[in-house]
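> What follows is each chain in one-letter form.
Number of protein chains: 2
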Amino acid sequence: MQNFDYMTPTRLIFGKGVIEKLPEVMSQFGKKILLAYGGGSIKKIGLYDKVKSLLQGYDIYELSGIQPNPKYDPSVISGVKICKENDIDVILAVGGGSVLDCSKAIAAGAKYEGETWDLISYKAFAKESLPIVDIITLAATGSEYDAGGVISRTETNDKIGYVDPHNYPRVSFLDPTYTFTVSAKQTAAGCADAMNHVMEQYFAEDTTLLNDGFCESMLKSLMVNAVAALKNPEDYRARAEMMLCCTYGCNGILSLGNSGSGWPCHAIEHALSAYYDITHGEGLAIITPRWMKHILSERTVDRFVKYGVNVFGIDKTLDKFEIANRAIDATYEFFRSINIPMHLREVGIDESRIGEMAHHIAVNEGLENAYVPLTETDLIEILTRSL
Amino acid sequence: MQNFDYMTPTRLIFGKGVIEKLPEVMSQFGKKILLAYGGGSIKKIGLYDKVKSLLQGYDIYELSGIQPNPKYDPSVISGVKICKENDIDVILAVGGGSVLDCSKAIAAGAKYEGETWDLISYKAFAKESLPIVDIITLAATGSEYDAGGVISRTETNDKIGYVDPHNYPRVSFLDPTYTFTVSAKQTAAGCADAMNHVMEQYFAEDTTLLNDGFCESMLKSLMVNAVAALKNPEDYRARAEMMLCCTYGCNGILSLGNSGSGWPCHAIEHALSAYYDITHGEGLAIITPRWMKHILSERTVDRFVKYGVNVFGIDKTLDKFEIANRAIDATYEFFRSINIPMHLREVGIDESRIGEMAHHIAVNEGLENAYVPLTETDLIEILTRSL
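Protein sequence lines, in the order shown, are assigned to chains X and U. If you're matching positions, the first sequence starts at 1 in the numbering used here and goes up one per residue. If you're matching positions, the second sequence starts at 1 in the numbering used here and goes up one per residue.
Some clues are possibly wrong.
[Said to hold, decoys possible] The following label-pair restraints were derived from C-beta to C-beta distances:
hint: 1; chain 1: X; residue 1: D329; chain 2: U; residue 2: K231; range: 34 to 44 Å
hint: 2; chain 1: X; residue 1: Q56; chain 2: U; residue 2: E24; range: 42 to 52 Å
hint: 3; chain 1: X; residue 1: L54; chain 2: U; residue 2: V301; range: 41 to 51 Å
hint: 4; chain 1: U; residue 1: V301; chain 2: X; residue 2: Q56; range: 48 to 58 Å
hint: 5; chain 1: X; residue 1: E128; chain 2: U; residue 2: P373; range: 49 to 59 Å
hint: 6; chain 1: X; residue 1: K31; chain 2: U; residue 2: Y6; range: 22 to 32 Å
hint: 7; chain 1: X; residue 1: R345; chain 2: U; residue 2: N369; range: 54 to 64 Å
hint: 8; chain 1: U; residue 1: E376; chain 2: X; residue 2: Y6; range: 40 to 50 Å
hint: 9; chain 1: X; residue 1: N339; chain 2: U; residue 2: Y122; range: 46 to 56 Å
[Unchecked claim] Here are the simulated BS3-like cross-link-like pairs (lysine-lysine), alpha carbons at most 27 Å apart as the crow flies:
hint: 10; chain 1: X; residue 1: K220; chain 2: U; residue 2: K81
hint: 11; chain 1: U; residue 1: K21; chain 2: U; residue 2: K50
hint: 12; chain 1: U; residue 1: K320; chain 2: U; residue 2: K293
hint: 13; chain 1: U; residue 1: K127; chain 2: X; residue 2: K31
hint: 14; chain 1: U; residue 1: K220; chain 2: X; residue 2: K320
hint: 15; chain 1: X; residue 1: K21; chain 2: U; residue 2: K127
hint: 16; chain 1: U; residue 1: K71; chain 2: U; residue 2: K32
hint: 17; chain 1: U; residue 1: K111; chain 2: U; residue 2: K81
hint: 18; chain 1: X; residue 1: K320; chain 2: U; residue 2: K316
hint: 19; chain 1: X; residue 1: K81; chain 2: X; residue 2: K52
hint: 20; chain 1: X; residue 1: K32; chain 2: X; residue 2: K111
hint: 21; chain 1: U; residue 1: K123; chain 2: U; residue 2: K71
hint: 22; chain 1: X; residue 1: K316; chain 2: U; residue 2: K320
hint: 23; chain 1: X; residue 1: K84; chain 2: X; residue 2: K71
hint: 24; chain 1: X; residue 1: K52; chain 2: X; residue 2: K32
hint: 25; chain 1: X; residue 1: K127; chain 2: U; residue 2: K31
hint: 26; chain 1: U; residue 1: K316; chain 2: U; residue 2: K293
hint: 27; chain 1: X; residue 1: K306; chain 2: X; residue 2: K293
hint: 28; chain 1: X; residue 1: K306; chain 2: U; residue 2: K21
hint: 29; chain 1: X; residue 1: K316; chain 2: U; residue 2: K306
hint: 30; chain 1: U; residue 1: K316; chain 2: X; residue 2: K316
hint: 31; chain 1: U; residue 1: K220; chain 2: U; residue 2: K316
hint: 32; chain 1: X; residue 1: K306; chain 2: U; residue 2: K231
hint: 33; chain 1: X; residue 1: K220; chain 2: U; residue 2: K220
hint: 34; chain 1: X; residue 1: K316; chain 2: U; residue 2: K220
hint: 35; chain 1: U; residue 1: K316; chain 2: U; residue 2: K306
hint: 36; chain 1: U; residue 1: K220; chain 2: X; residue 2: K306
hint: 37; chain 1: X; residue 1: K231; chain 2: U; residue 2: K306
hint: 38; chain 1: U; residue 1: K32; chain 2: U; residue 2: K43
hint: 39; chain 1: X; residue 1: K220; chain 2: U; residue 2: K306
hint: 40; chain 1: U; residue 1: K21; chain 2: X; residue 2: K127
FYI, nobody ran anything at the bench for these hints, they're computed from the structure. Beta carbons: idealized from backbone N, C-alpha and C, even for Gly.
If we strip away everything but chain X, and leave its shape as in the complex, we get:
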């Protein structure tokens, strides 16, 4: 077991109708709010109007149009500009993980004199950040309970996971009813995203019985509840449990004391969505079983056996490689069963840029330190298998 230094100071306010606490929460941060949101789904579900009516008397500035795989230019740059010009006190991010990720970069950039990209690319480090409050409308990324965000810069095909402890949201509002209208496609992608967050922590060295059990519980719960939510999108219990599961995805609580895995599937997927702007959770679902097959070996087989037996209930008396392969197949089949496109070609990616992407990942992502180190050749193989 490894040493660790851990804290998640975010307050979670969870459940139906909790939005009513918004005025009380916002009142502690000041009068000038940057309201950040995406393409307008929050208007469709009435949340935009609700927020505005709850926050009468505040000075609200707006940044709308934040896209999935949020872009440095224009979203982060515009947000920072609004904050600096108007002396914003607090950011209210309303939407999914992309809106929140973007808001984290803005929060740090607003308190930094230089160009925000310096922070995102770790050339400089924030000394402080604007406080962030969020209202989450999609169960997926876990950004509501961690200090990270992923920002893309189109002209360089960069998609960087930017983590800074200053960027923990102060308060996250999680009302499962806001996810009732999430499409089947996005519900499935959110489930795959969260499942992959667990797997990226489970497939590591030096794990504990406790962490393994937490991870296995989360995977089982995500599968059961995603299926239920897809069957009945207004199943409150299923939406609520999915939302709770997703919240734990990335703040480290599932892997305290583990060696760390290097998050290889995320590293690969970040290239896919930087080059092709695909849905993050779908990219992860496609990559994950191919990565698993690639790293299965005498060294790693016991983890796959544990995974197969405890998550999928595979007969533990079988040969260990048989269990491992069945577990990987079960992973693939689960994603397929919730209608995720499971080939890169299905999401518009062909072989033409695989070499380029593999090179980009190998140079930028440090996968020589992954649970199973991955070279450029390994990456080409995984990507080619995923076509």
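With the hints as your guide, set chain U onto chain X.
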């Protein structure tokens, strides 16, 4: 699933040798420290000297002799007096849960004008608290990661669970090597304490697959690692995982969205140790299986089945009451196997004050709202079965 409002802002610094970060951590709080500790075991293991040498240059005031089941008089009263008279900036609690619980009451009392007992008994509420840093030497209570503490007042046989969000430790240092010298008796009692914390959350209504899985994982991990630590007290991995498990015991993360159980075994045990000053974990181990037998019914049997199958691996094809009874027996046998005295008479408690204790619990503990409501008659029965 119920709504909830949740936050645990404590920073955990975990692992061998982490004490070296103490000066850096303390420097953010000020120069005047109240060093609180117990009966001197921290001197035996060299921790007292280590702390003093790391904190040269600080003004250190000491409160020693804090007992298990920490007492309002003299410990809390003396601590508050030292803090007020010397304008203490921060409390450094070094020891087990009792030292930390006592320090929480002191931290609140130091910033309150009236008598600290007003706060503990909820007649008044703290507006602020002194910051607390702790160094934990016993894996048991989880006080290092929650806002609660238990304080006893001998003259009235009161033992109150005092919870206030101001009292979260700011930083908890958790070095498993400090638990190498913990006696077999205290190791077993710590395991029982933590296991009971889980059970008090698991036996509730409206639980989720996720919470159930977290709880079951913790119980299994605690049993495996307590047995390993008892066999080899210097088994770092076992001590470390026990310590990590215990940390999650009481901050609510195992039961977010559950209905709440009313913590009935704790309510009963608080009376036992208030009247007889027994070891808390032993009292819990004695009560738990008797409480389980008492509440087993058609309404509750399915939870016991889940518990038996998932925690003890009992054959799920058996009759449900057969599974439930085997699970309760397995609970008893596990505690017995780690040499916990499993009868009240073995810890010096006879039938003479059972009526009095049952009355005290029924009047003060609100068990009419427990998972299975308990009347004075129920309490007499549970206590009598435990003799």
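> Do the Cβ positions of L54 of chain X and V301 of chain U conform to the proposed distance bound of 41 to 51 Å?
holds, 45 Å
> Straight-line Cα separation of K220 of chain U and K306 of chain X no greater than 27 Å?
Given pair K220 of chain U, K306 of chain X holds - Cα atoms ~15 Å apart, limit 27 Å.
> With a cut-off of 27 Å on the C-alpha distance, tell me whether K111 of chain U and K81 of chain U pass.
holds, 11 Å
> For the pair supplied as a hint, K306 of chain X and K293 of chain X, confirm whether the alpha-carbon distance does not exceed 27 Å.
holds, 15 Å
> Holds or violated: K220 of chain U and K316 of chain U, Cα atoms, limit 27 Å.
holds, 17 Å
> Are the Cα atoms of K71 of chain U and K32 of chain U separated by 27 Å or less?
Holds - the C-alpha atoms of K32 of chain U and K71 of chain U are around 24 Å apart, at most 27 Å.
> CA of K220 of chain U to CA of K320 of chain X, is that 27 Å or under?
The hint holds at about 23 Å.
> Do the alpha carbons of K320 of chain X and K316 of chain U lie within 27 Å of each other, as the hint requires?
holds, 25 Å
> Taken at face value, is the distance from the CA of K293 of chain U to the CA of K320 of chain U at most 27 Å?
holds, 14 Å
> Taking only the CA atoms, is the gap from K32 of chain X to K111 of chain X under or equal to 27 Å?
At roughly 15 Å apart (the allowed maximum being 27 Å), K111 of chain X and K32 of chain X satisfy the hint.
> Need the status of pair K220 of chain X, K220 of chain U: alpha-carbon distance at most 27 Å?
Since the Cα atoms of K220 of chain X and K220 of chain U sit roughly 18 Å apart, the hinted pair holds (cutoff 27 Å).
> So if I understand the rule, the pair passes when the alpha-carbon distance is 27 Å or less; does K127 of chain U with K31 of chain X pass?
holds, 24 Å
Taken one by one, the earlier hints fail for this structure at numbers 10 and 28, listed in ascending order.
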